[in-house]
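S.K.: Each chain, written out:
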Amino acid sequence: MILYIVIIPLFVSLLTPLFGMFNRKYAYFISLLGAIITFLFVIFTYKKVVTHGKEYYWFGGFEPPFGIEYVVDGLNLILLLIISFIYLLVIIYSKKSSEKEIEDKRLSLFYCLLNLFFTGILGIVVTGDIFNLYVFVEIASLSSYTLIALGPKRQSLMASYNYLILGTIGATFVLIGIGYIFMATGSLNMADIKSRLVPIYHSKMVRTAFTFITLGLCLKLALFPLHIWLPNAYAYAPSSVGALLAATGTKVSAYALIRVLYSVFTIDFDTNVIPFNKVFVFISLIAILAGSFLALAQKNLKKMLAYSSIGQIGYITLGIAMSNEISLQGSVLHIFNHSLMKCALFFIAGGIFYKKGIENINDMKGIAKEMPFTMAFFVIAGLSLVGVPLTVGFLSKWYLLLGAISQKYFFVIPVILISSLLSFIYIWRVIETAYFKDSNSTKSSSEMPLGMIAPVAVVTILCIYFGIFTELPLLLTKEAIRILIGN
Amino acid sequence: MENYISILPAMVSFIALISVPFMILFRDYNYVKEGISLFSALLMFTLVLLLGREYLSERILYIDIIKITPTITISFRTDNASIIFAGISSFLWFITTFYSIGYLKGLNDKKETSFYVFFALTIFATTALAFSANLITTFVFYELITLFTYPLVIHKGTEDSKKAGRKYLAYLIGTSIMFFLTAIILTHFITGTTFFNSEGVFKKNVDNNITLLLLLLFIFGVAKTAVMPVHSWLPNAMVAPTPVSALLHAVAVVKAGVFVMYRILNYIFTSQVLLAIKGHYILIVLSSVTIIFGSLIALRQNNLKLRLAYSTISQLSYIILGLSLLNEYATKAALSHLIIHAFSKITLFFCAGAIYVKSHITEISDLEGIGKKMPITMLAFTFGSLSMIGVPGFGGFISKFLLMKGIAHSGNYFLFPILGISTLLNAFYFMPIVFSAFFKEYKFNSKDPHYVNKKYSLLMEIPLLITGLVTLVLFFAFGGILSFIGG
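In order, the protein sequences belong to chains A and B. So the numbering used here is basically just the index in the first sequence, starting at one, shifted up by 42. By the numbering used here, the letter at position 458 of the second sequence is numbered 443, and the numbering carries on one by one without gaps.
Isolated chain B, as found in the complex:
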């Protein structure tokens, strides 16, 4: 690998930022904002692909945008993980924009401009975070993600959503300033650097207790990973419009947390340091608890979005578990689950949103027989569910398989039953929805407000069908992605 100085990694994220003034400028023109959004998403995705090609030809692009002091800089850098994360973010931004058109028009939403603007801003912060080369840059964009998603969380403008928004901020900003920032400051003080380095930044002479303390600070500071006990902001944020929940709270925001954790574990601590202090056991225990309890709580939810949210909490911990096993297979499993969960969960959220727009149903008990009215939506939902459960033939199987391999490799055999129970629980909370949607009688008549109307349905059905099919395709086409991760 060779290092090259290039503005490209910074440019990728700035595309989203540049699109914002244009959206505001053309706010009164129908479909122009959407066009700008789609165009910049496409441009961004193309650039990410370009960076991927550079990476494959053994070139790492690097740039210091701003030097605040010699050791505190805003810098961007490409590597495989950042390209994957930025790639799915930009690709799904494109898909979600299509979906949002249908969603917002279907609900006759008046605050379209603010929606698209803050959406683009969040994507900007997310991709910038993906390419961040040090902890300071990461911290800046981590906080920006929170601030930019806040207007989206309170988009509805009701008292409930404002209360939820405040809690959202309190959780994420509070933990990040109190713990994450402290950890960064201490790291900088101890090591004199915050740059991600594949050899880690901690030298041998650092006291084990201090390293352990730092690890704990990082774990609780990055609350976006939604590891218990810092998870409750996520169900709380479900008051947001569904496209927001779909892309941001199933992909961009939470994955940003997991991604930061990946960076910290592999590029700040490294597996040698973690093994020496046995710090990874903290993560293994926390993530196992989250996997089981997340699923158990999901089982008890009757609200569809809440069930999906708790499922997200549980699934994210798969990734954390993969990262904390500290071997090659598990890390691969974690990165592939990052991709697969993104596509599966966004499909499920898209379906929840489509159902809400068409029939105003939010509760699972009302979903009986809906499969007969909205077959495409429920088909995609089935795909997403099967992938989440990890059925062979769907993407989810691959990451679960790799994770099993990682567990076997690390020798922590007690994790097998946890994975098994969790898979069972996944099946328990997804399959009844699918089953009752297709095989029970539809109970609403045309006078009922829950009766399905067909307006703008295609704009929503196409995106969700695409992402649903991708979960299927991922199973068969995963070799290429895997070699990219491994390379």
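Only chain A is shown next, with the shape it has when bound in the complex:
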């Protein structure tokens, strides 16, 4: 059952160039079909996990720790849901968007890579084997380098190249770390490693392994100051790729980091054996402030959103670093929430580019008259990013704040609030330009095509929906925390 979640995108990605040879439209339809089936399987898995608690699959029937194990529990369930959902939306969105941005002959290649990317990130999420995790990290990374290079501008090649270099360094670090762990424990299964590591926490090899893996993942995560690959990669990639990278790419690395910190190592190791968490709190705070300030300085809308992502990643790592139940819950919630709102915002930025060819915020004067629905969605998703109550952004920030207070880290409060204020300013700048400045053109209305605005509408409505009806995310994240800390 869980296997299909990974296998279907993989097969679809193999089939797309094949069908694309006959007619390029087939590539789209078969990807759509793949995404729908994957999503259905995820829903099915969700139902099973909710009733049975845990769902696993052993590759070739070999029992772990010898064979590769795929596990779905409370923690990765929420990620599976959001990723497979965004997978579906990105495919729908990319129909129109990629027609405009990507050369015709490369379209089937584009869909092939898109599916391969999702194979990678869904794989990262479901696998319970740490080497397998590395394999999927590489699959996702390699396909994303190529996807970025497909972008419409010349800079996309350079952005892709930068990401390639840094991403490879990151992945190599992860690999080295895994190598050391294997040397120390002789095992690759996460649950198995966890129990085997405890007696040898003070060995230098384990510490080195920990350092390499976390550093590597932080690079993939684009945690400030390891973020330099991210803004260009997001901004110059094709719009749908920018959205999927922002919504799922870094989130999955964050998930991997949580797994490594809490399911491979333990809180005891992260906080007591080495003072990692304490240092990590400060790095995260710097990331939050730096990301927000840098976003303020951007003229390009997509770059602004990219820098804002860097700040938001800081929130996620902050929750991870504070390592108490509430803050971790806030962190997992923020992964979920930030996926939704960044997906919406990048979709919108792509839509504006699609319709008007506008990239800079200053050129968006009076655009709200021409694209009223698009900008209304932007306002909602933007307010959600700020963390206004009744949107999803509020809930995760609230949990992070409560987590900080219960840890007695009072200095976290002003940082989060200042960053909320900064995000209000950079979102407001766009709103003000779009709504309150007079436009030069006199065209009355030019909304995005339905295929693009419908996914935007869906995610934006979800931004509000999960801000009001919070049972589902709270339930899922609570279960996740129980798994991470409970035992």
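Rather than coming from a laboratory, the hints here were simulated on the basis of the structure. All the pointers check out, no bait thrown in.
Think about it this way: if two alpha-carbon atoms lie no more than 20 Å apart in a straight line, the pair counts; the simulated SDA-like pairs of lysine to any residue are:
id, chain 1, residue 1, chain 2, residue 2
1, B, K147, A, L338
2, B, K52, A, L504
3, A, K450, B, G177
4, A, K411, B, V5
5, B, K95, A, D480
6, A, K236, A, I316
7, B, K148, A, I403
8, A, K520, B, G177
9, B, K96, A, D480
10, A, K147, A, M63
11, A, K479, B, R151
12, A, K479, B, D145
13, B, K52, A, I503
14, B, K188, A, S448
15, A, K411, B, T98
16, B, K147, A, D480
17, A, K520, B, K52
18, B, K152, A, L463
19, A, K407, B, R151
20, B, K141, A, T475
From the derived model, a few chain B residues whose C-beta atoms are all more than 12 Å from chain A:
id, residue
21, F(-1)
22, G185
23, I406
24, L467
Every value quoted in this text rests on a predicted model; they were computed, and no experiment measured them. No residue lacks a Cβ here, since even glycine has one placed at the ideal position from N, Cα and C.
Chain A is fixed; fit chain B onto it per the hints.
M.R.: Relative to the frame of chain A, chain B by itself:
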């Protein structure tokens, strides 16, 4: 008092929200928007009266609209203060709409629809704030008020107004996110609740220093009270059209701030806690300083609207002073001043607007002899001024009298001279205007742009005469209102 679950308190505010799509739908029809606005104002006022009757028959209506988490909810609840605040807001919305028709037509304004829409939205947020049952709900609508009034502040669309608008946002959003929200989070963390409770939420075991810190955060977080040093957004917002200044910046917005302060002092802290930490002295000092300096600065203004704005700052601090004396009489004084100041100040602003529309005069030095050309307007202005000064026979006297009683009761006798000086200053900055308007020669001839034209004058004169007369009526009919406040 008995608690009943009822949707009514939420419905009151939603009337204004529901009217918005209709206004947008009928934007091209003359007088239809105005009709919708008037109708919803009337409906809202009727509902508020209905709630008042329920309250008098000892029924408190209560509803949780949205439960974000078990302790964070969007809830509404009725009590005497909320009914009074919602009552004057809706009643004055009705009057102001009449006035706005004359104002906007007189100035030949093209952005009527946006004006009425954002006006209705602000009233929605204001009445919702009035019925808010906890700090979270209050915070949401407090922020919404700021956001909804922003388009009204920059209504003119000039560079000046945009600059003012930005400052307006920076002040109000900045302080509320940095201080108000922090205070709410800390309160929630310490007490586990944000619900308003007449017994307060702080238990005995909370450290006095922390409570004091929270009080300070609340005082500076609720910048809408315009207590010095967080007052300068208010004069700044005077670039807005006069009906906006009249209803929003003399009634809805600033009163929202004062109202939130009332809630915080009486339902979060309670007088026992405040007396224990001596926190009320902070408020007494701040409000006394604001009363005196507000009046002194008002004296130096030559622009009529600016003078009124500084007068508002000073008068609001009467209410804050009343709240901070922590006795029954002073609280009554505060609530009655909330009503009386609303009617008096709106009259004065209406007059300023009428003068501007008819003669384009904005400076006080140009007002000589205008009383002969616009007798009704200046008569109402005189009523408003006398009420502001607190002359017996006008509403203002009652609240000042009650305040004196409150001061005597609290034993802070040094406040008497402050009140006396302030009354004198009020007379100094209002009476010369009245005097020169009636007793000096009118200096403009018919060719001058400042010469009075009579277009649409009745639509403005009737509302301002009504509110002017109300200040007179309030003196004689205040017993009923007072018993409502006391009950």
